[in-house]
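Could you build the full structure based on these sequences and the hints that come with them?
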Amino acid sequence: MSTVSEQTAVESTESKVEHPIAPYLRMDRMPHIWCPTCGIGTVVKCYATALGEAGVDLDKVAIVSGIGCTGRVAGYMNLDAFHTTHGRAIPFATGLKLGRPELLVTVFSGDGDLVGIGGNHFIHTARRNMDLLVILVNNFIYGMTGGQNAPTTPLTAKTSTMPYGNFENPFNLPHLAASCGASYVARWTCLHTRRLTKSFKEALGRKGFRFIEVIAPCSTLYARLNRLGTGFELMRFYHDNAEIRHDADLNDVAIDFQGKIVCGKFVDEERPTFIDLMHAHYERTLGDKYRPMPPEGGWIHE
Amino acid sequence: MKTDPAGVLTGAHYLDGDFACGEGAMAAGCRFVAGYPITPSTEVVERISRRFPMMGGTFIQMEDELASMAAVVGASWTGTKCLTVTSGPGFSLMMENIGLAAMMETPCVVVDVQRGGPSTGLPTMVGQADMMQARWGSHGDYELIALCPQSPQEAFDLMIDAFNLSEIYRIPVMFMMDECVGHMTEKVVIPEADQIEIVPRKLTSQTPEEFLPYRVNGGYVPEFARAGDGYRFHTTGLTHNEHGYPVMSAECQEQNVRRLIYKIRDNADQIVRFEDDGVDGADIVLVTYGITARVAQMAMEMAREQGVKVGMMRLIIAWPFPEKRIKELAGKIKAFVVPEVNYGQMVLEVQRCAEGLAPAVLVSHGGGGVHEPETIVEAIMGAAK
Numbered sequence: 522m523s524t525v526s527e528q529t530a531v532e533s534t535e536s537k538v539e540h541p542i543a544p545y546l547r548m549d550r551m552p553h554i555w556c557p558t559c560g561i562g563t564v565v566k567c568y569a570t571a572l573g574e575a576g577v578d579l580d581k582v583a584i585v586s587g588i589g590c591t592g593r594v595a596g597y598m599n600l601d602a603f604h605t606t607h608g609r610a611i612p613f614a615t616g617l618k619l620g621r622p623e624l625l626v627t628v629f630s631g632d633g634d635l636v637g638i639g640g641n642h643f644i645h646t647a648r649r650n651m652d653l654l655v656i657l658v659n660n661f662i663y664g665m666t667g668g669q670n671a672p673t674t675p676l677t678a679k680t681s682t683m684p685y686g687n688f689e690n691p692f693n694l695p696h697l698a699a700s701c702g703a704s705y706v707a708r709w710t711c712l713h714t715r716r717l718t719k720s721f722k723e724a725l726g727r728k729g730f731r732f733i734e735v736i737a738p739c740s741t742l743y744a745r746l747n748r749l750g751t752g753f754e755l756m757r758f759y760h761d762n763a764e765i766r767h768d769a770d771l772n773d774v775a776i777d778f779q780g781k782i783v784c785g786k787f788v789d790e791e792r793p794t795f796i797d798l799m800h801a802h803y804e805r806t807l808g809d810k811y812r813p814m815p816p817e818g819g820w821i822h823e
Numbered sequence: 013m014k015t016d017p018a019g020v021l022t023g024a025h026y027l028d029g030d031f032a033c034g035e036g037a038m039a040a041g042c043r044f045v046a047g048y049p050i051t052p053s054t055e056v057v058e059r060i061s062r063r064f065p066m067m068g069g070t071f072i073q074m075e076d077e078l079a080s081m082a083a084v085v086g087a088s089w090t091g092t093k094c095l096t097v098t099s100g101p102g103f104s105l106m107m108e109n110i111g112l113a114a115m116m117e118t119p120c121v122v123v124d125v126q127r128g129g130p131s132t133g134l135p136t137m138v139g140q141a142d143m144m145q146a147r148w149g150s151h152g153d154y155e156l157i158a159l160c161p162q163s164p165q166e167a168f169d170l171m172i173d174a175f176n177l178s179e180i181y182r183i184p185v186m187f188m189m190d191e192c193v194g195h196m197t198e199k200v201v202i203p204e205a206d207q208i209e210i211v212p213r214k215l216t217s218q219t220p221e222e223f224l225p226y227r228v229n230g231g232y233v234p235e236f237a238r239a240g241d242g243y244r245f246h247t248t249g250l251t252h253n254e255h256g257y258p259v260m261s262a263e264c265q266e267q268n269v270r271r272l273i274y275k276i277r278d279n280a281d282q283i284v285r286f287e288d289d290g291v292d293g294a295d296i297v298l299v300t301y302g303i304t305a306r307v308a309q310m311a312m313e314m315a316r317e318q319g320v321k322v323g324m325m326r327l328i329i330a331w332p333f334p335e336k337r338i339k340e341l342a343g344k345i346k347a348f349v350v351p352e353v354n355y356g357q358m359v360l361e362v363q364r365c366a367e368g369l370a371p372a373v374l375v376s377h378g379g380g381g382v383h384e385p386e387t388i389v390e391a392i393m394g395a396a397k
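The listed protein sequences derive, respectively, from chains A and B.
Numbered per our numbering, the first sequence spans residues 522 to 823.
Numbered per our numbering, the second sequence spans residues 13 to 397.
FYI, nobody ran anything at the bench for these hints, they're computed from the structure.
Check each hint, because a few of them may be wrong.
As a list, the in silico BS3-like pairs of lysine-lysine whose alpha-carbon atoms are at most 30 Å apart [said to hold, decoys possible]:
no.	chain 1	residue 1	chain 2	residue 2
1	A	810	A	719
2	B	346	B	275
3	B	346	A	810
4	A	781	A	581
5	A	719	A	679
6	B	321	B	339
7	A	581	B	214
8	B	336	A	810
9	A	786	A	719
Computed, partial: chain A to chain B, Cβ under 10 Å [claimed, not checked]:
no.	residue
10	588
11	595
12	609
13	726
14	727
15	815
Since the model is a prediction, treat every value here as computed from it, not as a measurement.
We treat Cβ as the ideally placed atom computed from N, Cα and C, and that holds for glycine.
And the structure:
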């Protein structure tokens with residue numbers, strides 16, 4: 522009898538207590554599709570926490586994802602949310618931002634989506650310093666399609682399409698983003714939840730192209746193909762091998778197979794965004810004739 | 013409602029088709045354009061980028077046509093009317109996100125100033141060989157609307173219709189110009205703003221609590237909520253239910269995609285648009301569109317002088333195709349003659365809809381020029397025998 526009453530007590534407590542990030546999620550879509558020990562959920566938790574801490578008006582926040590495991594994030598966030606085509610989250614988000622400049626637009630997608638098929642958009646949008654927060658979850662592999670080689674796969678790591686080990690050089694993403702003109706660049710792992718949350722919150726308050734790379738475990742594919750152990754062991758690996766160096770030379774932050782993961786905030790510079798530059802230039806060249814798009818967009822209504 | 017006067021350059025002008033197309037878009041209320049330069053379409057965005065800063069519009073030159081089309085679909089979710097402009101090679105790249113626009117039911121207009129193809133083809137010279145691509149170019153099943161102007165004046169006038177149709181049906185609308193119409197310069201009369209009727213984005217009157225982004229209550233077109241108005245909706249290119257949530261099932265596919273198809277098919281009688289010239293009592297009917305309609309006009313007059321009873325049906329809207337009208341004519345005439353600057357595209361539709369009751373004779377021109385009227389006359393005479 523006592524066991525039964527204990528269970529009842531636990532259940533009734535659970536029904537009253539809501540998870541602190543539940544208001545930020547579409548709870549009617551739970552459970553999510555991610556595997557046990559996947560890192561994406563942790564990144565979502567940190568992002569949702571940061572949205573709350575930053576105190577932004579959630580009605581003005583839009584989230585855009587592409588395709589892939591991380592591409593499903595938009596589908597779980599209780600925001601205006603867009604699950605778009607593979608690689609095109611950044612240009613789609615560019616349209617949203619320019620169509621209604623008052624929106625706070627976050628792109629949340631994976632490495633294959635944003636810098637594989639979407640690589641061209643990534644570099645040009647960083648070059649423009651477009652006002653977007655870009656969160657890239659890097660699990661070193663194409664997860665949703667079954668573990669194929671990615672533009673981030675470390676040299677020698679095994680993937681389903683490089684079964685003898687990867688021989689292509691991967692991107693060094695913070696270096697790429699910074700050299701293209703991103704105004705905020707950081708990298709963390711899924712173990713650094715406090716720092717990651719802080720970084721998201723900080724980036725939400727900045728303008729321009731803000732890029733945050735999050736190294737995330739994929740125990741179903743990447744770890745299994747490379748015999749790296751369980752999710753717990755992957756987190757222990759981050760614990761032992763992540764090194765925080767905010768002032769790192771970005772030439773030195775490339776990721777080797779099972780090597781050091783240099784984390785930190787590498788770039789945080791206030792620079793005029795695409796929209797700032799456009800306004801300033803037209804005001805200078807056209808004077809009073811310039812009529813900028815209103816913050817709520819260029820829509821025509823009765 | 014009447015359009016925003018800021019975008020309307022009222023008066024009589026001497027404009028090429030590309031400029032007239034750009035003026036039409038601005039008059040229709042378009043305030044966001046993303047594009048990538050490509051001959052022979054670039055003048056459209058050159059015109060717009062010069063005038064937009066004075067009317068609250070934003071133009072951005074994207075890194076490619078994949079990005080241009082994606083940005084247009086994104087911007088449309090803010091309620092801002094959106095356009096992109098391209099030619100064949102760029103049109104191919106846009107197909108990916110034209111499919112997304114169809115699936116998400118996003119109003120937008122895509123201009124294709126057709127040049128000779130395939131591949132890089134004839135960048136500066138005319139073609140009409142993207143007509144089937146306009147209809148079928150993105151993967152999967154969907155329906156859309158495609159218009160075919162034959163003059164700079166029509167490039168202006170039909171652009172207003174293109175935007176209005178995209179709003180009514182929440183679809184991407186294809187604006188199928190060709191290099192000749194794009195680059196010919198003629199008189200274009202732009203009316204006063206209060207003479208231009210536009211269809212505004214119809215926003216939902218429901219509260220965020222009641223609203224579901226793809227609920228139609230037995231109708232065809234769901235109500236729209238803009239990003240940033242507190243609706244916190246979700247939309248996706250995946251097969252989705254009325255919540256906009258992905259559901260991977262044959263049942264949901266049927267519910268979702270059937271409506272995308274039938275919102276156009278069931279309304280085709282209202283959408284289909286063509287112009288007849290001497291079709292009643294004709295033995296031969298020319299079916300034409302775009303620049304070729306103007307060449308065929310001369311051929312028709314020449315054949316009439318030789319005593320042939322010939323009429324012309326000019327497609328103003330090519331998709332949806334006027335199936336019923338073709339079938340009706342097929343039972344009354346000897347033959348259709350279909351001149352096209354391609355090796356046979358819309359002629360296939362004429363043949364399909366004629367159901368064997370009358371032959372449809374293709375008069376092809378491979379591109380890089382237009383037909384000699386005599387070539388079309390010859391086909392008319394042959395078909396009239």
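Cross-check of the supplied hints:
1. A/810 to A/719: Violated, at about 42 Å.
2. B/346 to B/275: Roughly 34 Å between the alpha carbons, so the hint for residue 346 of chain B and residue 275 of chain B is violated.
3. B/346 to A/810: 60 Å, violated
4. A/781 to A/581: Distance ~38 Å between residue 781 of chain A and residue 581 of chain A Cα, so the pair is violated.
5. A/719 to A/679: 33 Å, violated
6. B/321 to B/339: Judged against 30 Å, a Cα distance of about 19 Å means the pair holds.
7. A/581 to B/214: 20 Å, holds
8. B/336 to A/810: Not OK: residue 336 of chain B and residue 810 of chain A at ~51 Å, beyond 30 Å, violated.
9. A/786 to A/719: 11 Å, holds
10. 588: 8 Å, holds
11. 595: 7 Å, holds
12. 609: 4 Å, holds
13. 726: Hint on residue 726 of chain A: violated, closest Cβ of chain B at ~19 Å, above 10 Å.
14. 727: Violated, because the Cβ-Cβ distance from residue 727 of chain A to chain B comes to roughly 20 Å (cut-off 10 Å).
15. 815: Where the cut-off is 10 Å and the nearest Cβ of chain B is about 7 Å from residue 815 of chain A, the hint holds.
Checked against the numbered hints above, the structure breaks hints 1, 2, 3, 4, 5, 8, 13 and 14 and satisfies the rest.
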